[in-house]
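Construct the entire structure; sequences and hints are all you get.
Protein chains in written order, with my numbering: chain Y, 23 to 332; chain L, 36 to 160.
No lab work stands behind these hints: they were computed from the structure. What you are looking at is a predicted structure, and each value in this text was computed from that prediction instead of being measured. There could be a bad hint or two in this list.
What the hints assert, rightly or not - Derived pair list, reagent style EDC-like, types lysine to aspartate or glutamate, alpha-carbon separation capped at 16 Å:
no., chain 1, residue 1, chain 2, residue 2
1, L, Lys50, Y, Asp131
2, L, Lys50, Y, Glu147
3, L, Lys145, Y, Asp131
4, Y, Lys127, Y, Glu147
5, L, Lys50, Y, Asp150
6, L, Lys50, Y, Glu143
7, L, Lys107, L, Glu79
Said to hold, decoys possible - Sample of chain Y residues with no beta-carbon within 10 Å of chain L, all distances over it, derived:
no., residue
8, Cys33
9, Val50
10, Leu65
11, Lys106
12, Ile151
13, Gly160
14, Phe211
15, Lys257
We treat Cβ as the ideally placed atom computed from N, Cα and C, and that holds for glycine.
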Amino acid sequence: MLESINPISSCKKYGVSPWQCPQFLFLVIGIIIIFAIGVTYFLAILRIGDPAVVSLLVLGVGAFLLTINFIITNSFERMAEASKLKSEFIHIVSHQLRAPLTNIKFSLDFLVSTKMNQTKEQQEEYFDILRENAIRMGDLIDNLLTVAKIEGGAFPLSKIDVSLEGIAQKLIQKFKPFATASNIKLQFFSADHSLRVLTDSLWIEQVMENFLDNAIKYTKGGGEVTVKVYQKRGKVFYEVKDNGVGIPKEGQNFIFEKFFRSDNIFKKQTIGTGLGLHIAKRIIEKMGGEIGFSSKENKGSTFWFSLPLN
Amino acid sequence: MKKILLIEDEGALQKSLGDTFREDGFEVLGALDGEIGERLAESEKPDLIILDLTLPKKDGFEVFQSLKDNKKTADIPVVVLTNLERIEHVEKVLEMGAKTYLVKSNYTLKEILEKIKQILASPSL
Numbered sequence: 023m024l025e026s027i028n029p030i031s032s033c034k035k036y037g038v039s040p041w042q043c044p045q046f047l048f049l050v051i052g053i054i055i056i057f058a059i060g061v062t063y064f065l066a067i068l069r070i071g072d073p074a075v076v077s078l079l080v081l082g083v084g085a086f087l088l089t090i091n092f093i094i095t096n097s098f099e100r101m102a103e104a105s106k107l108k109s110e111f112i113h114i115v116s117h118q119l120r121a122p123l124t125n126i127k128f129s130l131d132f133l134v135s136t137k138m139n140q141t142k143e144q145q146e147e148y149f150d151i152l153r154e155n156a157i158r159m160g161d162l163i164d165n166l167l168t169v170a171k172i173e174g175g176a177f178p179l180s181k182i183d184v185s186l187e188g189i190a191q192k193l194i195q196k197f198k199p200f201a202t203a204s205n206i207k208l209q210f211f212s213a214d215h216s217l218r219v220l221t222d223s224l225w226i227e228q229v230m231e232n233f234l235d236n237a238i239k240y241t242k243g244g245g246e247v248t249v250k251v252y253q254k255r256g257k258v259f260y261e262v263k264d265n266g267v268g269i270p271k272e273g274q275n276f277i278f279e280k281f282f283r284s285d286n287i288f289k290k291q292t293i294g295t296g297l298g299l300h301i302a303k304r305i306i307e308k309m310g311g312e313i314g315f316s317s318k319e320n321k322g323s324t325f326w327f328s329l330p331l332n
Numbered sequence: 036m037k038k039i040l041l042i043e044d045e046g047a048l049q050k051s052l053g054d055t056f057r058e059d060g061f062e063v064l065g066a067l068d069g070e071i072g073e074r075l076a077e078s079e080k081p082d083l084i085i086l087d088l089t090l091p092k093k094d095g096f097e098v099f100q101s102l103k104d105n106k107k108t109a110d111i112p113v114v115v116l117t118n119l120e121r122i123e124h125v126e127k128v129l130e131m132g133a134k135t136y137l138v139k140s141n142y143t144l145k146e147i148l149e150k151i152k153q154i155l156a157s158p159s160l
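In structure tokens:
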């Protein structure tokens with residue numbers, strides 16, 4: 023009971039600052055109104071000063087109250103907006119989970135249908151589909167948990183001295199077979215072998231892997247992917263360039279958003295979770311770095327981030 | 036042999052749906068995006084089109100509209116097979132003239148096959 027009328031604790035619950043929290047603002051406005059009425063009353067009753075001054079004062083108080091009212095309305099709007107985004111998010115997530123689920127369901131349907139004489143190879147193909155889609159659902163859930171962690175603020179970074187070049191080379195080795203199979207020439211350039219940054223090695227590796235994975239995935243039918251690590255203006259840059267499908271202009275503003283904006287969900291790219299780059303941006307920002315890209319449809323994309331040199 | 040055009044961007048669904056229809060004696064054409072789908076509809080004249088609504092490049096609503104606007108494809112019956120199930124989506128495509136609206140996760144392959152056969156057998160075609 024006491025909890026529900028304590029504005030500070032309910033503001034904490036919503037995760038907004040007191041000046042954006044309706045409960046707290048209502049308390050403030052209540053106190054001010056009582057105070058303002060009291061003052062006006064005393065001024066009137068004692069007839070101190072010019073009546074014009076009194077009315078000017080009341081006008082000032084009125085303007086102040088109006089401003090606070092405006093802020094309150096605004097914060098309500100913001101909350102409504104947040105709740106709307108949440109339900110949209112749930113809608114998109116369920117859709118994203120349903121796609122692989124349907125693939126699994128229909129593949130099982132086909133495998134258990136007795137009417138058809140299936141060869142071993144044919145069955146094998148369906149088992150591959152089952153495996154892929156189970157992984158796809160698992161990836162989506164992992165990413166959702168990461169996003170929830172970042173948004174909840176419970177996202178500790180353990181910074182150590184790392185070499186981006188070292189991680190890049192490790193990733194190149196990992197992706198070589200994948201790239202070769204897709205007919206992609208994978209290249210690595212590093213100008214200075216002594217470049218080091220102070221960062222969380224696990225998370226930075228995830229971002230670097232995401233860039234490389236995207237570059238290879240979206241370079242259809244062969245091409246070139248180039249990874250570079252270099253120094254510029256006291257910062258270390260990691261850059262992945264491809265000559266793949268690129269990002270259409272109208273999609274470029276949304277590239278770091280969670281999934282896509284609502285009017286874009288029909289034209290979603292079905293492969294991938296739609297969260298990788300969003301997570302990358304949040305991680306790099308938390309590390310005090312910068313992230314960006316340039317892209318042209320059908321020409322290719324270049325994604326980069328930079329971190330301060332250690 | 037009846038010819039079916041499947042406009043669907045999920046390779047896995049192209050396979051499971053395609054195999055099911057093929058085993059039942061249909062000829063199946065696959066299109067992984069809306070633009071290819073439109074082209075195949077015009078050149079191949081399928082007996083029926085199964086259309087997904089979430090597609091890269093051009094979404095299912097746009098594809099449906101261009102199919103209706105094109106004299107060569109306007110009369111081909113279209114069945115919408117998707118995972119979108121908001122009431123406004125259902126109403127919109129039914130208004131546009133879809134034969135039926137099937138939510139993927141509510142049906143088995145066999146049920147989908149039966150529905151399509153029913154539509155192809157109906158006297159209005």
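How the hints compare with the structure:
| no. | hint | in the structure |
| --- | --- | --- |
| 1 | L:Lys50 / Y:Asp131 | 12 Å, holds |
| 2 | L:Lys50 / Y:Glu147 | 9 Å, holds |
| 3 | L:Lys145 / Y:Asp131 | 8 Å, holds |
| 4 | Y:Lys127 / Y:Glu147 | 15 Å, holds |
| 5 | L:Lys50 / Y:Asp150 | 12 Å, holds |
| 6 | L:Lys50 / Y:Glu143 | 14 Å, holds |
| 7 | L:Lys107 / L:Glu79 | 10 Å, holds |
| 8 | Cys33 | 34 Å, holds |
| 9 | Val50 | 41 Å, holds |
| 10 | Leu65 | 59 Å, holds |
| 11 | Lys106 | 15 Å, holds |
| 12 | Ile151 | 5 Å, violated |
| 13 | Gly160 | 16 Å, holds |
| 14 | Phe211 | 32 Å, holds |
| 15 | Lys257 | 36 Å, holds |
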